[in-house]
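Could you put the whole structure together from the sequences, leaning on the hints where they help?
Line by line, the protein sequences give chains S and C. Residue numbering for the first sequence follows the working numbering, beginning at 1 and increasing consecutively. Residue numbering for the second sequence follows the working numbering, beginning at 1 and increasing consecutively.
Since the hints were derived computationally from the structure, they do not count as laboratory data. Be a bit skeptical, because a hint or two may be false.
A few chain C residues that don't get close to chain S, going by computed Cβ distances all over 10 Å [unchecked claim]:
id : residue
1  : Asn87
2  : Gln225
3  : Phe231
4  : Asn326
5  : Lys386
6  : Ser387
7  : Ile450
Below, simulated DSS-like cross-link-like pairs (lysine-lysine); rule was C-alpha separation at most 30 Å, straight line [claimed, not checked]:
id : chain 1 : residue 1 : chain 2 : residue 2
8  : S       : Lys709    : S       : Lys596
9  : C       : Lys485    : S       : Lys893
10 : C       : Lys124    : C       : Lys205
11 : C       : Lys318    : S       : Lys288
12 : C       : Lys163    : S       : Lys800
The beta carbon of each residue, even a glycine, is placed where N, CA and C say it ideally should be.
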Amino acid sequence: MKKNLFTFIILLLISVRVMAQDIHGRVIEQQTKEILPGASIMIKETRQGTSTNEQGKFRIQAAAGQTLIISFIGYKTQEITVPNGNQEVLVALSEDFNSLQEVVVTGALGIKRAAREFGGGAQVINNENLNQGKTINPLTGLTSKVSGLRINMYDSKVDPQLQVVMRGSRSLNRSKNAPIYVVDGIPVPDISRLNPNDIESVTVLKGANAAALYGSEGVNGALMITTKGGSKDRGAIRFSNTTTFSDVFLLPPAQTQFGQGVNGVYNPTQYESWGPAFDGTMKDFGGKLPDGTIPQALYSAPGRDNRLDLFNTGVNVQNDLSFSGGDDNTTYFFSLQDVSIKGIVPGDESRRTGGRFNGSRKFGKLKTSYNVNYVYFNKNTTPDGPWITAYQLPANFDYNAMKNWQDPASVANPNNFFTDLQKNPYHQIDNIRDRTTEQVLNGKFDLEYAFTPWLNVLYRAGIYSSATETRSTTGKFEAAGRRNVNGSVSDGNNNFRRLNSDLILNFNKKIGNFSTRLLLGQNLRADNRKATAVSAGNLTLPGLFNPGSRIGELGGSSTLTQYRSVAGYGEFTGGYKNYAFLTVSGRNEWVSVLSKANRSYFYPGVSASFVFNEAIPALRDNSAVSFGKLFASWNKTGNVTLDPYSLNNPYSQIDGFPFGNIVGFTPGSRYPNPDIQPEFVTSFETGVQIALFNHRLNFEGSYIFSDSKGQIFNATTSRATGYSSAVVNAGRLTNDIIELGISGDIIRHRDLKWNAGFNFTYINNQVKELYEGLTSFNIFRQSYANIGQAYPSLQVSDYKRDPQGRVIINQATGEPLIATDPVHLGTMVPPYQMGLNTSVKFKGFNLGAQFDWRMGGWLYSEIVPRMYTAGTDPRTAEFGRQPFIFPNSVIQKADGTFEENTSVLSKGDKAFWTKQGEVQINTAAKSDYFKLRELNLSYSLPSAWLSGQKVFKEASIGFIATNLFIIRHKDNKYGDPEYLYNTTDGYISFRQVPPFRTYGFNINVGL
Amino acid sequence: MKKIMNVLLAAVVAAGLSACNDFLDVNDNPNSPVSENLRLSAKLPAALVSSVNQESGQLNQIGALWGGYWGTTSEGINLFPDLKNYNGPAIRHQRDGIPVWENAYTTLLYYQLIRQQAEQEGSKFYLGIAKVMQGLHFMRLVDVYNNLPFDDALQGTVHPTPKYEDGKTVYVKSIQLISDGIADIKSAAPGTEPGTDDVMFRGNKTLWIKFANTVKLRGLIRQSQTDNQAFINTEIQKIKSEGTGFLGTGESALVQPGYLNTAGKLNPFWENYYRNVQGVSTGNHVDIRPTVFLVDQYKARKDPRLNTLYVEVAGDFKGVLFGNPNAEAGYNRSVTSAFKGPQENGNRPSALFKSSTQASVLLGSFESLFLQAEAIQRGWLEGSAKSAYEAGIQESFKYMEVNAAEFAAYNAQSAVAFNNTIDRIIEQKWLALNSISSIEAWNDYRRLGIPAIPNSLDAPSPTARPLRFMYPESERQTNNTEATKQGSDDMITDKVWWDN
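Structure, rendered in structure tokens:
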């Protein structure tokens, strides 16, 4: 054998040197027999290459017996041996449909497994799909592309924050429903700083079963991110630039009939819009300026919404550069990215600059690899003030005249601003700043040693470290009374580091028709955080922001937090004839946040899959069925959502304490529970995957049931208990979920490809039990957990109504009566979530679109009540500010019956409308919507155009846009229903600036 | 292979277990003390400050607007809208409302935890203080909300939905709680008194008992218009036989934790209604004004307090109309009288503003004296109503920086001299409590209709007056079954139990 091999190599060498010949050939498409220009041909041994011309022909010098690698994007790569003799080589490439059969799923711990043996829901989003909208935060790129995954944005400033929920809420603790993020096998707390272009693919493991090996956090599923590595082929250098522009939209509407004043009378120093109707005259605006004149303003609302003047067009610029390459033993990937954002709020900006270096090297049986990612991020923003001011100002307020506030003679100067009950928004913008600098260092290494063909050992350690520096400043502006602004500064540091270590033994053995795999592992996790702050609330100088230059005492705090966990886990997979698989897993976890008695817990899981088209002889030869799989799983996962140090009530000093030597400690408002135990989620999942007609039509459907019991959450309690909330082990939530996905190639032609996909999720979430036999629990303001209803449910105050639903009017005051009990409207999470995507490829053109459709939920706006008070909401002008008959109202007669109200007038003044703003049903609406989330139109320059030069190997240009259009429920005039306040469901706050849409272009070149 | 696997599995598990204990013992809070680390002396000051902050802050403001003392300038027309137009739902609002309920129960919890610790440690003095203060807050809550949880309250999840008890019962139980507190304080062994941590009476037993008796008396006086005379008589008898008496001349209940002229540590009343830490007029100082009615009452008596309370504008004191819906120029800032403070008084202390570190008033000696005067006048207590009444005025003069020599002439006026009527006592009590314990003015108005305070011009109807707060939204959200059992809680139709 050895001798033969030696001879063969000698022969090969001789043949290379001696027998090199001119090989020519053609590359065609297997099915259509059409020619494929631009296909690449490479000699495996020498790495020399060429490509096919317009006629699909190629010519290359190669020796007989050498191997040619023929590849073309979108087709399966083929290898052929160079034949003897001077004959034409004909290569027919078959299309490579990203078929289910070949999908490799990155399973728990980053171990790749064939999708066929997978017993749970998984979906892979590749780089191209993720980056369709050229998002800055990778999570944004996943929105509406994965069934069961709901992503909401809750801020549209220069560092948007997101809420991620997989397969509905399993926890009544509303901040604990996010999946675990795993980057190259290491669980990390956050992935929003990751460069989406570095991501090779995101595997979404939806069920708790798939992620059970990650421990508790995996109970909500996992987003497994695989970053790019170099490939063995020739080196590649890629550059891309994306420039997009953002414009605000969906502002809550404002009335344009009435201007500033009180009780119908104009007042030059009042900001609320309770004055007379606009009349087009010039009126005094504010008090006297330093020069003795009184500024004038046109008392007329302009044709356009003046509030838009407060916002800029945001500019987002991304530049990406990457280098990749490798050989048989080494891979190399290096990327750099710079993202700068100029925000929609003037002065807001952020910048993210980062680099990644991924590499690997084989040393015989030892494989080593490492990833290092460093990101430097900074942002400079103003808090909520300017927008909170703007929606309360009258319609004729001229924003453009307010920028010059530094000029003591200007109307914009805080001393001269027309009212002292609001601040000039531009003064707020310039004067109140929050600056953040964040450095994230994230890295890992793998050492994998193959002891025997059936056993390898992997040790993997990773760190995630973030260092955040913050500075919040308010410039001192000395003035009389309310116009005075105290100077303040607060400097903060927040350092976090996580160490994660896994030791995994992986046994693999095939015995006849049976394949077995056993995985045993041990995990260790340590999180450390230290947050410190120093502050001064009364600075002496306007421009010097240092706590040292203060009057009074220094403020400050320091918080240390440690979390640790240890786990041992195992997973066994048995396969039969590569079509039937059974997996059993178990994990025991020890966590630091529970008492000694409760901190150890075990949880098991089992799953099975069956590839029926290969198992059933009748289907095996049926060409219509390309792939078919049934799967099912059951598991019970333990979870501890408790933060460190939650077993006791911490005391702190408030109300000015300490006063010199006098200390005063007060307890926290959360009732602690030292006996908290882990909560458990039991889930069952079954589903089917079918691919038909050579993978032209793909279908996937699953049903999931999950049951969470004994949840750890902060129950809001009656304040009469002495506490505002209590930590409890209570409550039970169930989810019945249906997920469907269908995708297909409508046209599969060489020049024209049209693909469309649709995903559907229905979640029936129900609260089954609550604490201590209660039937209702308040969660956050108007959101509730009610037994028998979905969580969270919107419950609001309403009018007192007659049996026909008409509003009952108090005959004496004309005011509608308010019902004592709140009314339940419905779930705040849309139970129906759908995503629609389509892509059309025609020659070099590529059109991609992603639609997002959600139905069945409710939302509540807290902006609009304040607009009622300020007289800016259109409803307050509906009846001309005159006494009117409240629509659809009744009066109650002495005998208790109701009759239509035709005579009792409601006042229609400020006091009246302010009270209507307090009736919460007036500002609740259905949150249904349908939107075009992403649109991407690109054009790749034909390779023929580039063949004449040596600099660029590939180039494309594109147009991209997000949120181009949205259709909302007719009652929703408040905002974008997916754009929600800080980890709430269906709650729109005045702290959020309005949402934006973006559009722009992008260019890519490859060297 | 199976053997190897078993060994490996065992090794992995064993490694995990042995590593566990040390590695995982990191759950002791390094940032904040827990109850066990703290002595009672570290807790009491915070509780007392929390009490006085609510009494002289939140409650005083409500009372000042509803008790006829304050209005706003025309520029400040949009301030306090909910209190001006009696917007019950807005006041009960969880976010933008006035959380009297929430704040009071939080303070009550501070005392509850002090009680528990004092009970364990046998610290009778602290135990007594906590009980007395709880009695005060519970009765105050009844004054605002009527029925509410008492027995079930303050026990965390032991009673997650505490049962309500009717206001009258809560009054009975609160007065009993105070009596228990007095007994505890009396039984405290010498040497176990609190020291400087008692930021009210520095551990003075007598003053604490006098204060406790005064709070009880206030609770009994409140019931004067109910048919509860038997109970009143019994309780008066208890106070008499206890024998320590009430707060008298020079014995105000003042809280002084050691305020400092630095951000967050100023006297809150000063910082809210006069000057901020930078020495700049606060928004409230800019826009709060006495009502025309109040100014007229002082003027009608040639009251020397007027001059220490307010600044003159064009040689006169000028007030505003409470709840005026129109921004009339005659009530602009520049033409109406603001609060007077040291800066407008030649750096001398004024009636309400003496210094940024002045003590906060929980219960003034003048209030105690007027309570005694009324009780004597009603025949509940022995003594001279006239001398209690006159001492009350003198104590008020003293607090409001009026020269004691002015009393004689003042008291000689027929509009002032004691005429053996409850009305006269309440009139002077009202003038004395101005902006100090204003909530008592609203209480007395609901109880007796004295003085004839004009209604808010922004009231839903001319006769609609605020009678109570609606139960807070937080209670509707968390304990609605119990709250609903109490029936209608409308602000302008539903009275608290003692209001007849």
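Structure-based check of each hint:
Not every CB of chain S lies more than 10 Å from the CB of C/Asn87, the least distance being 6 Å, so the non-interface label is violated. With a least CB separation of 26 Å from chain S, C/Gln225 remains clear of the 10 Å interface cut-off, as annotated. Residue placement check: C/Phe231 keeps its beta carbon more than 10 Å from all beta carbons of chain S (closest about 25 Å). Once the 10 Å rule is applied to beta carbons, C/Asn326 is inconsistent with being away from chain S; the minimum gap is 5 Å.
For C/Lys386, the requirement that its beta carbon stay farther than 10 Å from each beta carbon of chain S is met, with the minimum near 41 Å. At roughly 38 Å, the least C-beta separation between C/Ser387 and chain S is larger than 10 Å, which holds for a residue marked as non-interface. At roughly 26 Å, the least C-beta separation between C/Ile450 and chain S is larger than 10 Å, which holds for a residue marked as non-interface. Of the pairs offered as hints, the one joining S/Lys709 and S/Lys596 holds, with about 21 Å between alpha carbons and a cut-off of 30 Å not exceeded.
Between C/Lys485 and S/Lys893, the direct Cα distance comes to roughly 25 Å. Compliance with the 30 Å bound is thereby established for this hinted pair. Restraint check for C/Lys124 and C/Lys205: the C-alpha separation of about 11 Å stays at or below 30 Å, so the hint holds. Taking the CA atoms of C/Lys318 and S/Lys288, the gap is near 24 Å; set against the 30 Å cutoff, the hint holds. The straight-line distance between the Cα atoms of C/Lys163 and S/Lys800 is roughly 26 Å, inside the 30 Å bound, and the hint therefore holds.
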